[in-house]
Amino acid sequence: MIKTSPLSGIYRNHPVNIFEVSGWHIAGNFGNTEREQENLKKSSVLVDWSHIGKISLSRGDASAAAEKILKGSSKIEPLSSIADSKMAILRLTKNDYLILCNPGMEKGMLEKIDSKITTVTDQSGSNGCLVLGGPRRDEVLERSTAVDLRRDRVVAGSVIQSSIHTINMTLYRTNNFDIIMHPRNLTESLYDALMDVGIGVGLVPAGIETIPVSFEKDK
Amino acid sequence: MKNRIDTHQYCELPDLGKELSFKFNGKRIQAYTTDTITSALIASGRTLLSRSFKYHRPRGAYDIYGQGHESLVTANHEPNLLADRILVQNGMSVKSQNAWPSLEFDIGEINDTIVPMLPNGFYYKMFHKPKWMWPIAEKQIRKAAGLGRIDTEDRNAERRYEKRYRFPDVCIVGAGPSGLAATLAAVQEGKHVLLLDDNSVLGGHSIHSIAQVDNCENLNLNGLPEYQAIQKLIDELTEFSNLEVLVNSNVFGLYEDNLIAAQCGHDLFKIRADSVILAPGATDRHLVFENNDRPGIMTARGVERLIMRHAVLPGENVVVVTTHDGGFHTALLMHGAGAKIIAVVDGREDGNNEGVFEKKIRELAIPVYKGLTAHVANGRKRIESVEVGPLSGGNSIKSFDCDLLIMAVGFKPQINLLSMGNKPPKWDAERQILRVSELPSGVFSAGEVHGSAGFAHLYAEGFQSGKDAALTKISPGKVYTVKTERTAEEIITALPADIESGGTHHFICKCMDVTRTEAQASIDEGYDQVESLKRYSSMGMGPCQGKACHEAVARLAAQDTGLSKLDAVVTTVRPPFTGATFGLLAGRAPHLSPIRRTPLHHCHIDLGVKFLDAGQWKRPDSYTAPQIEAGFIRNGLGMIDVSTLGKIEISGPEAIKFLHFLLPGKYAKFELGRTRYSIMIGEDGILFEDGTISHIENGIYYLTTTTGNQDAINSLFQWWLLVEDFDVQVRNLSLTNAAVNVTGTTARDFLQKLVDIDMSNEDFPYMHCRKTKIADVPVSFYRIGFTGELGYEIHFPAEYGESMWNYLLAEGEEFDLKPFGVETQRILRLEKGHLLPGTDTDALSSPYETGVGFAIKDDKDDFVGKAFLKHFKERGIENKLVPYQLETDAPIPDDGVAVLDNGKIAGRVTSSRLSPTLKRGIGLAWVRNDLSETGSHFFIRLANGEDVQATVLDHAAYDPEGERLKS
Chain A
379 MIKTSPLSGI
389 YRNHPVNIFE
399 VSGWHIAGNF
409 GNTEREQENL
419 KKSSVLVDWS
429 HIGKISLSRG
439 DASAAAEKIL
449 KGSSKIEPLS
459 SIADSKMAIL
469 RLTKNDYLIL
479 CNPGMEKGML
489 EKIDSKITTV
499 TDQSGSNGCL
509 VLGGPRRDEV
519 LERSTAVDLR
529 RDRVVAGSVI
539 QSSIHTINMT
549 LYRTNNFDII
559 MHPRNLTESL
569 YDALMDVGIG
579 VGLVPAGIET
589 IPVSFEKDK
Chain B
12 MKNRIDTHQY
22 CELPDLGKEL
32 SFKFNGKRIQ
42 AYTTDTITSA
52 LIASGRTLLS
62 RSFKYHRPRG
72 AYDIYGQGHE
82 SLVTANHEPN
92 LLADRILVQN
102 GMSVKSQNAW
112 PSLEFDIGEI
122 NDTIVPMLPN
132 GFYYKMFHKP
142 KWMWPIAEKQ
152 IRKAAGLGRI
162 DTEDRNAERR
172 YEKRYRFPDV
182 CIVGAGPSGL
192 AATLAAVQEG
202 KHVLLLDDNS
212 VLGGHSIHSI
222 AQVDNCENLN
232 LNGLPEYQAI
242 QKLIDELTEF
252 SNLEVLVNSN
262 VFGLYEDNLI
272 AAQCGHDLFK
282 IRADSVILAP
292 GATDRHLVFE
302 NNDRPGIMTA
312 RGVERLIMRH
322 AVLPGENVVV
332 VTTHDGGFHT
342 ALLMHGAGAK
352 IIAVVDGRED
362 GNNEGVFEKK
372 IRELAIPVYK
382 GLTAHVANGR
392 KRIESVEVGP
402 LSGGNSIKSF
412 DCDLLIMAVG
422 FKPQINLLSM
432 GNKPPKWDAE
442 RQILRVSELP
452 SGVFSAGEVH
462 GSAGFAHLYA
472 EGFQSGKDAA
482 LTKISPGKVY
492 TVKTERTAEE
502 IITALPADIE
512 SGGTHHFICK
522 CMDVTRTEAQ
532 ASIDEGYDQV
542 ESLKRYSSMG
552 MGPCQGKACH
562 EAVARLAAQD
572 TGLSKLDAVV
582 TTVRPPFTGA
592 TFGLLAGRAP
602 HLSPIRRTPL
612 HHCHIDLGVK
622 FLDAGQWKRP
632 DSYTAPQIEA
642 GFIRNGLGMI
652 DVSTLGKIEI
662 SGPEAIKFLH
672 FLLPGKYAKF
682 ELGRTRYSIM
692 IGEDGILFED
702 GTISHIENGI
712 YYLTTTTGNQ
722 DAINSLFQWW
732 LLVEDFDVQV
742 RNLSLTNAAV
752 NVTGTTARDF
762 LQKLVDIDMS
772 NEDFPYMHCR
782 KTKIADVPVS
792 FYRIGFTGEL
802 GYEIHFPAEY
812 GESMWNYLLA
822 EGEEFDLKPF
832 GVETQRILRL
842 EKGHLLPGTD
852 TDALSSPYET
862 GVGFAIKDDK
872 DDFVGKAFLK
882 HFKERGIENK
892 LVPYQLETDA
902 PIPDDGVAVL
912 DNGKIAGRVT
922 SSRLSPTLKR
932 GIGLAWVRND
942 LSETGSHFFI
952 RLANGEDVQA
962 TVLDHAAYDP
972 EGERLKS
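Those protein sequence lines, which keep their order, are chains A and B. Residue numbering for the first sequence is 379 to 597, as defined by this note's numbering. Residue numbering for the second sequence is 12 to 978, as defined by this note's numbering.
A hint or two may mislead.
Stated by the list, open to error - Anything over 10 Å on all C-beta distances counts as not near chain A; from chain B, calculated:
#1 453
#2 479
#3 808
#4 813
#5 958
What the hints assert, rightly or not - Think about it this way: if two alpha-carbon atoms lie no more than 30 Å apart in a straight line, the pair counts; the simulated BS3-like pairs of lysine-lysine are:
#6 668/B / 494/A
#7 494/A / 453/A
#8 490/A / 784/B
#9 174/B / 595/A
#10 174/B / 494/A
#11 449/A / 464/A
#12 494/A / 782/B
To be verified - Listed next, the stretches of chain A that the computed footprint assigns to chain B, with coverage defined by at least 3 CB atoms under 8 Å from CB atoms of chain B:
#13 498 to 505
#14 542 to 553
#15 571 to 578
Keep in mind that the hints were calculated from the coordinates and are not lab data. All C-beta atoms in this analysis are idealised placements derived from N, C-alpha and C, irrespective of residue type, glycine included.
Using the sequences and the accompanying hints, generate a full structural model.
Quick look at the structure:
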C-alpha cells in the first residue's frame with residue numbers, strides 16, 4: 379500500500395511527476411524541473427517533504443534518548459539543533475525533541491530508542507512538512523507570520539515554534555531553506571496560504587528534484 | 012501641457028520620465044511618469060479639483076502633500092484616494108467626488124447659500140418631526156454631504172491586501188534632513204534600520220530648496236544647495252546593506268512597545284522596532300481669513316514641490332503672504348520659473364530680520380509690504396485678487412490682482428505620531444508651535460517637528476537622535492525628554508489664528524466646512540469645552556483628521572471658549588493618522604480560517620461528497636441522500652471516515668492509576684482485548700465527553716474522543732501530567748492514525764477475508780478490540796456499535812489513508828460496500844438513542860440526568876469531579892434526557908424547539924430526525940423528570956406554532972435489546 383502525501387489533492391491539479399520514496403508517493407517535480415530550479419536560484423519555491431521521518435521524544439529522559447541517536451544532542455540549547463546529512467535533531471524545550479530524518483530511517487531509529495525512558499511518537503504520517511527555498515523566500519515569510527524571522531536573529535540551525543497563517547508550526551532554518559513542520563490535516567491549507575501570498579514574489583511549487591532531502595544547516 | 016516649464020533660472024529641473032495619458036472625468040490628460048494626479052491636472056491648466064463636503068464650494072490643490080480633503084478622488088474605481096500622492100498610470104481613470112452633474116457646475120453649490128441660513132447644526136435639530144421625515148431627509152443630507160462612493164460593480168476586482176512584518180533595530184519615520192541623518196548615524200552603528208517616508212522620493216522638503224548648506228557637521232554637504240546636498244546624503248546611504256527603505260509608506264499609528272502600523276499601497280506593514288525615531292517634519296501653517304479656501308490659494312512648500320519635482324508652474328501672477336524668509340524663497344523660485352511676483356506681503360515689521368532670500372527679492376525690485384497679511388480672497392472658482400491689511404484685522408488697506416496666493420506663514424509640526432506615545436501636545440509659547448516634548452523610552456524624535464531650523468541644525472539633531480536610538484538602553488516605563496534647541500532667528504512668530512477682517516467664510520476646518528462663525532455659534536449654544544465643541548461642529552473630524560487644521564482648531568477653541576489667546580487646547584490624538592481602508596485592516600481573511608482535511612479528503616471528493624463543516628474540519632455529510640444511505644447500513648454494508656476522532660494512547664507503570672484519576676470508571680480489572688464505553692466529566696461534575704477506551708496491548712490503553720474535544724482532552728491530559736506526578740506516557744495519536752467505521756450486517760464477512768485473525772462473534776465479541784494487519788499495514792479493530800449495527804472501527808497510520816480507503820472500497824465491492832456520511836450516522840445513532848456530548852448536553856448536564864450514570868464508579872478513591880458528582884447524586888434527578896418517537900406521519904420538529912406539558916415549557920428537543928427505518932420522527936429531548944417515564948407523553952412545539960405529541964421510549968427506538976450489534 380502506498381503512503382500518500384497530504385498534498386495529494388494539490389498534485390491532482392498539476393502535471394506532477396510522482397516519485398516513490400520509501401513507500402511514499404511524493405512530487406519529484408511539478409512538470410518542469412528546469413523552471414523550478416531557476417526559481418530556486420532567482421525567486422522562491424515550495425517543496426513537499428512530507429515523506430521525511432519525524433519522531434518526537436518527550437518527557438522522561440528525552441535528552442538521553444536523543445543523545446543515543448546523535449552525539450551532542452543532549453548538549454544543545456532549546457530551540458536549536460544538531461544535524462548531519464541524514465538527520466536533524468531539534469530541541470524544542472528542555473525535555474522535548476523532534477528528530478527529522480531521511481525517509482525510511484525512522485523504523486531503525488525507533489528500534490534504537492528506549493521507549494521506557496521517554497515517550498516516543500512516530501509523527502511521520504501525522505505531520506506535514508513543507509520547505510521554502512530561494513532568495514525571495516523571506517518575502518513569503520514576512521507576509522505569512524508575525525514572528526521575527528530576521529536572519530541575524532534566527533540564524534541557520536535555529537528552531538522556531540509559532541504559527542504561520544494561524545497554523546501552528548515548527549520551523550527549522552538552514553542557510554538555504556526553511557523547513558516547516560505542521561499538522562498533516564492543515565498541510566493543504568498552509569500550502570494554499572503560502573502560494574497565495576507568494577504568488578507576487580514568484581513562488582512556485584517544486585519537487586524533491588529541486589530540493590532533495592538534506593538536513594545540514596549549511597545546506 | 013499648459014503650465015509645464017522646461018527651464019529655471021536658479022535650479023536644475025528634474026527628469027520627468029516618459030509621457031503617458033490618463034482620464035480625468037472622462038477627459039484625456041497628458042502627463043509624465045513622475046507626475047501625481049494633482050501635478051498632472053495643474054500642469055494641464057486645471058485649478059478646480061473637488062467640491063467641499065457641506066457647502067460644495069469649489070476647491071483646488073492646496074498643499075500638494077495630501078493632507079487636506081481637496082485632493083480626494085476616485086481612481087480606478089477606488090474612492091477617497093489622495094490625488095496629491097497617487098502617481099499617474101497610463102490609461103488610469105480618475106473621477107472627482109461629491110459633485111453633480113459635473114465638477115464645474117455642481118448643483119449642490121446652492122448649499123453655500125442655503126445652509127448658512129439654517130440654524131447651526133441644523134441636521135441635529137430639523138426634520139425629526141414628524142418621524143417619517145427623518146429617513147427621507149437623512150438620505151438627502153448624506154447624498155449632499157458625501158465623499159466618494161464605493162463602486163459596488165468593482166466588488167470582484169482583484170485587489171490584494173497583504174499584512175507584512177518587519178523587525179528592525181531602529182525604525183525611522185520621515186526622510187528629511189533629520190531622518191536621513193538619523194539613518195546614517197544608526198546604520199554606521201551597525202544597526203538594522205528601516206526608513207519610512209510617505210513620499211515617493213526621499214529628502215523631505217530639502218529636495219525643493221535652493222538654500223545653501225553651511226556649517227553642516229557632514230562636511231561633504233557644505234556649499235551645496237539643499238536639493239543637491241540631500242541627494243548626496245541619500246547617495247551616501249545606499250552603500251549600507253543594513254538599511255531598508257520603504258517609500259510611499261504612510262505611518263498611521265504608533266502603538267505600545269514600538270509597534271508601528273504603515274500602509275504601503277495595499278500592504279499593511281506591522282513593524283516592531285527596538286527603537287523608533289520620529290522625524291515627520293512640519294507642513295505650512297493654515298491661516299484663517301475670509302474665503303481662505305478658494306482655489307488658487309496654495310502653501311509655499313506645495314508650490315515649491317510643483318516647480319522642483321514636477322516642473323509645473325501653478326500661477327502666473329503671484330502674491331506671497333509670509334512671515335519668514337521661506338516665503339521669499341518661494342517667491343524667488345516662482346520668479347525663476349517665469350511667474351510675475353505682484354507682491355510679497357510680510358507680516359513682520361521692518362527691522363533687522365532680512366534674510367538671504369528677502370535680499371534677493373528686493374534686488375529684483377519686487378514690491379515687499381511689511382506688517383501686513385491676507386484679509387480677504389476674492390474670486391470663486393479661482394482667486395482673482397487678495398486684500399491685505401494689518402495682522403489685527405479690521406479694514407483692508409491694499410488689494411492685488413492675482414491668480415495664485417502663496418501662504419508661507421510658518422509651520423505646524425506633524426505632532427500626531429509623537430502624541431500617540433501618550434503625551435498630549437502643548438503650545439510652546441517660546442517656539443510658537445504645538446509640541447510634544449516627552450516621549451516613552453525607546454521613542455526618539457528630531458527635526459522640524461520641534462520647530463523650524465536650518466539644514467545644518469536639522470542634520471545635527473537627526474544624527475544625534477540616530478546615535479541615541481542605536482546606543483541607548485531602553486528602560487520600559489521611563490519617559491524621554493526631547494532635547495532640542497532653537498535660536499531666536501529660527502523661531503517663526505505665529506500670526507493670529509484668525510485674521511478678523513469681517514465676513515463669514517473664515518474656514519477653520521476645510522474638510523468639514525466649519526467656519527469661525529459656526530464654531531462661535533456652537534460655543535454660544537453651550538458646547539464650550541473643546542472636546543464637545545469638536546464633536547458638535549465636527550471640525551477636525553474630516554478626512555484629514557485634523558492634520559491641516561488642528562493648530563487653528565486648538566488656538567481658536569482656546570480663544571473663543573475664554574482661555575488665553577496665547578494658549579491652545581488640543582483634543583486627544585489617536586490613530587489612524589492617515590486614512591486606512593477596511594480592506595487594509597482586514598487583510599486576507601481566507602488565511603485566518605484554515606481548513607482541516609482528513610487523510611481521506613480527496614477520496615471523498617472523488618466520490619462526489621457533500622461536505623459538512625465541523626469546526627475547521629471538512630467531514631463528509633453524505634454522498635447521496637442521508638435517508639438512502641441509512642438503508643445501506645441497516646440492510647447491507649457501509650463505511651464512514653471517522654479520522655477526526657481524537658485518539659490518545661496511555662501507557663506506563665501508572666497508566667491505570669492515571670485513568671482512575673481522570674475518568675469516572677474503574678479499570679483495575681480491564682482485560683487485554685476489551686473495549687469499554689467511557690465518559691469524561693469536568694471538575695464541576697458536568698458531563699463533557701464520551702467515547703471508548705480499549706486495552707489494545709498489554710499495558711497500553713487507547714482512548715477515543717469526539718472530534719470537537721480532541722485538542723481539549725489532550726491538553727487536559729498534558730495539564731494533569733504537569734500537576735500530578737504520574738509515571739505514564741501519553742501519546743496523542745489523533746493525527747497519526749486515520750480511522751474508518753465499517754458497519755452493517757455483512758461487516759464481519761467482508762473483513763474476515765482481509766485479515767488473519769478470527770472475526771467470529773465468539774472470538775471477537777462486541778466491545779472488544781484486536782490488532783492485526785490489512786494488506787500488510789498494521790491496523791487496530793474496535794468492535795463498537797454507534798450505528799446500532801454490527802460494526803468495526805479500524806484505525807491505521809494516516810499516511811495510508813487514501814490507499815486503505817480505496818482498497819477497502821474495492822475489496823468490499825462484492826458486499827456492495829457503500830460510503831456514508833456524518834448526517835447519515837447521526838440518524839442511525841438517534842435511532843439507537845445514542846447521545847452526542849455538546850449536541851444533546853450542555854454546560855449544566857449532570858451525567859446522572861443524561862442517563863450515563865452507569866459509567867460512574869464513585870466508590871473508588873478521589874477522581875476528577877467526584878465531589879460534585881456526590882452533590883448531583885444527593886440532589887436527585889430533576890430533568891432527564893430521554894429518547895422519544897412521534898406518531899407516523901407527524902411533522903419533524905427542528906433541533907432545539909420547546910417541549911410542552913399542559914401548555915407550559917417542560918424541556919427542549921436536542922436532536923430530531925425522521926427515522927428512515929421506523930418511518931417516523933425520533934429524537935432526544937430534555938424533559939422534567941415526571942415526564943421521563945417510558946410511555947409518557949409530551950408535546951413538541953413546531954416552528955409554525957403547532958404542537959405534535961411525542962412518546963418517551965425506554966432507551967432506543969431501533970433494536971432496543973442490542974441484538975444486532977452483538978450478533
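Checked hints:
1. 453: 16 Å, holds
2. 479: 22 Å, holds
3. 808: Given a closest Cβ separation of 5 Å, the condition is violated.
4. 813: 4 Å, violated
5. 958: Since the minimum Cβ distance to chain A is about 44 Å, residue 958/B lies beyond 10 Å and the statement holds.
6. 668/B / 494/A: Roughly 18 Å separates the two Cα atoms, so the pair holds.
7. 494/A / 453/A: 21 Å, holds
8. 490/A / 784/B: 24 Å, holds
9. 174/B / 595/A: At roughly 29 Å apart (the allowed maximum being 30 Å), residue 595/A and residue 174/B satisfy the hint.
10. 174/B / 494/A: Given pair residue 174/B, residue 494/A is violated - Cα atoms ~46 Å apart, limit 30 Å.
11. 449/A / 464/A: 14 Å, holds
12. 494/A / 782/B: Holds, because 22 Å separates the two Cα atoms, which is no more than 30 Å.
13. 498 to 505: holds (count 7)
14. 542 to 553: holds (count 3)
15. 571 to 578: holds (count 4)
In summary, the structure is inconsistent with hints 3, 4, 10 from the numbered list given earlier, while agreeing with the others.
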